[in-house]
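K.L.:
Chains as they are written, first to last, in the numbering used here: chain B, 1 to 288; chain F, 1 to 305.
Worth double-checking, as some hints may not be accurate.
To be verified - Selected chain F positions facing chain B (Cβ under 10 Å, derived; list incomplete):
#1 Thr7
#2 Gln9
#3 Ala12
#4 Met37
#5 Ser67
#6 Lys71
#7 Thr104
#8 Ile105
#9 Ser107
#10 Val110
#11 Val137
#12 Gly140
#13 Asp302
#14 Phe305
If you are wondering where the hints come from, they were derived from the structure by calculation, not from laboratory data. Even for Gly, the Cβ is constructed at its ideal location relative to N, Cα and C.
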Amino acid sequence: MSEPAVEVKNLTKIFSPDLSKNHIVAVDNLSFEVAAGEVYGLIGPNGSGKSTTMKVVLGLMAASKGSAKVFGYDSGDIRARNETGFLPENPYFYKHLSGEETLKFYGKLCGLKGSELKDRIAELLKLVDLEGAAKRRLGGYSKGMLQRIGLAQTLIQNPRLVILDEPTAGVDPVGSRQIRDLILKLKEDGFTVFLCSHLLEQVQEVCDRVGIIFKGRMRREGTLDELIQIESQTAMTLENASPELMGKIHDLISSDAAAKMIEEGHPRTTLERLFIQIADQNKKEESA
Amino acid sequence: MNEPTTTLQSPAREVPVFSISRVWTLAISTLTQLVRMKTFYFLFAFAVLLLAVGNFNFASSPAQALSTVKKVSFGAMDLFAWLFAIVATALLIPRDIEDRTLYTILSKPVRRIEYLLGKLCGVLIVIGISLSVMFVVCAGMIQWKELGYIADEIGDTTPEQLTEDTRQAILLIQKNGFHPELAIAALASFMKAAVVASVTILLSTFASSSLFTIIVSVLVFLVGHAHTMATNFWLAETDNSIVTQTLLKLFKIIIPNFQIFSFSEGIVQGAAVAPSAIWQMGGLTGAYLVVFMLLSLLTFVDKEF
Numbered sequence: 001m002s003e004p005a006v007e008v009k010n011l012t013k014i015f016s017p018d019l020s021k022n023h024i025v026a027v028d029n030l031s032f033e034v035a036a037g038e039v040y041g042l043i044g045p046n047g048s049g050k051s052t053t054m055k056v057v058l059g060l061m062a063a064s065k066g067s068a069k070v071f072g073y074d075s076g077d078i079r080a081r082n083e084t085g086f087l088p089e090n091p092y093f094y095k096h097l098s099g100e101e102t103l104k105f106y107g108k109l110c111g112l113k114g115s116e117l118k119d120r121i122a123e124l125l126k127l128v129d130l131e132g133a134a135k136r137r138l139g140g141y142s143k144g145m146l147q148r149i150g151l152a153q154t155l156i157q158n159p160r161l162v163i164l165d166e167p168t169a170g171v172d173p174v175g176s177r178q179i180r181d182l183i184l185k186l187k188e189d190g191f192t193v194f195l196c197s198h199l200l201e202q203v204q205e206v207c208d209r210v211g212i213i214f215k216g217r218m219r220r221e222g223t224l225d226e227l228i229q230i231e232s233q234t235a236m237t238l239e240n241a242s243p244e245l246m247g248k249i250h251d252l253i254s255s256d257a258a259a260k261m262i263e264e265g266h267p268r269t270t271l272e273r274l275f276i277q278i279a280d281q282n283k284k285e286e287s288a
Numbered sequence: 001m002n003e004p005t006t007t008l009q010s011p012a013r014e015v016p017v018f019s020i021s022r023v024w025t026l027a028i029s030t031l032t033q034l035v036r037m038k039t040f041y042f043l044f045a046f047a048v049l050l051l052a053v054g055n056f057n058f059a060s061s062p063a064q065a066l067s068t069v070k071k072v073s074f075g076a077m078d079l080f081a082w083l084f085a086i087v088a089t090a091l092l093i094p095r096d097i098e099d100r101t102l103y104t105i106l107s108k109p110v111r112r113i114e115y116l117l118g119k120l121c122g123v124l125i126v127i128g129i130s131l132s133v134m135f136v137v138c139a140g141m142i143q144w145k146e147l148g149y150i151a152d153e154i155g156d157t158t159p160e161q162l163t164e165d166t167r168q169a170i171l172l173i174q175k176n177g178f179h180p181e182l183a184i185a186a187l188a189s190f191m192k193a194a195v196v197a198s199v200t201i202l203l204s205t206f207a208s209s210s211l212f213t214i215i216v217s218v219l220v221f222l223v224g225h226a227h228t229m230a231t232n233f234w235l236a237e238t239d240n241s242i243v244t245q246t247l248l249k250l251f252k253i254i255i256p257n258f259q260i261f262s263f264s265e266g267i268v269q270g271a272a273v274a275p276s277a278i279w280q281m282g283g284l285t286g287a288y289l290v291v292f293m294l295l296s297l298l299t300f301v302d303k304e305f
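Isolated chain B, as found in the complex (with noise of 0.2 Å):
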């Protein structure tokens, strides 16, 4: 197995907010791996301790004990932020750059220059669909757009490992799902995605394994089909079934004195599928 793209050891951290004794633990002897390639998600509710662990991955604070390693590089180490590239939950971006300028900007601090830095703005701005965007100053973007243009300035340097915090936070379901079509881009190219989200539906679409995390400490962690499968039940979905063979598997369930229907009706569709949906017909009726 490769080196672990992040690998957090019995991270604590403990704020002292005025000095006093009241500490407050944000984060509890956490430790878990990402390994290079996977989609890993870090799920909690508010004040769960996501943020604080990303921003001690990213180097933005320090651990008040333990470690936390990218690509086995500290994370206060510069070559461990060469190895990153970080979308913060809502864009924070200067509004009087546009959005070439914006790229330009980041590309420069990573050391990108030249014909290079041009090809890789252009081939960002493309893979984003900004490109009639451009110019226009990031002060005019929509939500969605500045999400967009985000992720592009978090790929610049074609970095290893990409940390997204609430990704698709106060995006509409068509931008979130463009987002989240991006997110499984990046994994089919060979990037390591380390997200953090409170959106479960999300999460289940794009990560290989989850980790859920309460109070500052890991309740749950595992691939994601060892942490939703309920092991005692087995659902089918049937196409086309006639009233008689519906009799039938009844019947057949009933001679067994163990089993039980709990549940039967017809599978429903979800509320962003179905508005994505209508948003798709919409858009085809538009353009015909």
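We have chain B already, so just place chain F on it with the hints.
P.N.:
Frame of chain B; chain F shown alone:
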């Protein structure tokens, strides 16, 4: 754990420990930010002030009029430089922290000292450009007025017909007119602004608000003009208690001596300048910048965001 089936991204290329290029990128970004905040509109106000002073007939003689134009314009340049250094520097870093732009910058391979230096250089580039433009405008105005006054004195007479009184009057006008040494006065304003900007950066690395930073920076600037007074107290040790002496010594160590730049007032009034004063000014400015930037780094390096 899932083993990836795709080809993984390759490791990043090496990053230099310290990069002038990153400092320059941050400086140019700061410059762009200040330009797009329409900072240079101040230059129009300066040009209007200069025109108003130059054309207002308040002096009893041409020499006095030229002297007044110089004093007002160089005074305005000096005021702009130090005030802008304080306000711009005090606003830029806290704004990056509040807007959390700092998150995305510091999560790139950027050292914190590079960030601080980039911000300082950006502010100083704006001040440098502004002072240069103001100096050129001011020099043009003084020379134009000087030539006009000399032409008035000479009138229709030929050089051979000039009286001794007229010759003396022309010499007096020339003495109060434009001299290349005035550039040193502008340089002194720039250096003073650089020191005050580095003090402001230090304050903004730990201050809780921009207002606090601005107020304390202005106070440090004003108090920094009282070094001679503090030295006099210090020398007369027998007159003061140990507490007073200790406070005065601390004052002299902590507060930069802005009086080293005050010889520029003499230059504006036509006095000669000793090269040693310029070297002393340059040396002390460099020393202050190094000390205040190192102190800023000490407080900023472990700051958590």
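K.L.:
If a hint holds in the structure, say so; if it doesn't, say that too.
P.N.:
Status of each hint after checking the structure:
no.	hint	in the structure
1	Thr7	5 Å, holds
2	Gln9	5 Å, holds
3	Ala12	5 Å, holds
4	Met37	8 Å, holds
5	Ser67	42 Å, violated
6	Lys71	37 Å, violated
7	Thr104	6 Å, holds
8	Ile105	7 Å, holds
9	Ser107	4 Å, holds
10	Val110	5 Å, holds
11	Val137	27 Å, violated
12	Gly140	32 Å, violated
13	Asp302	7 Å, holds
14	Phe305	5 Å, holds
Consistency with the previously given hints fails for numbers 5, 6, 11, 12, ordered from lowest to highest.
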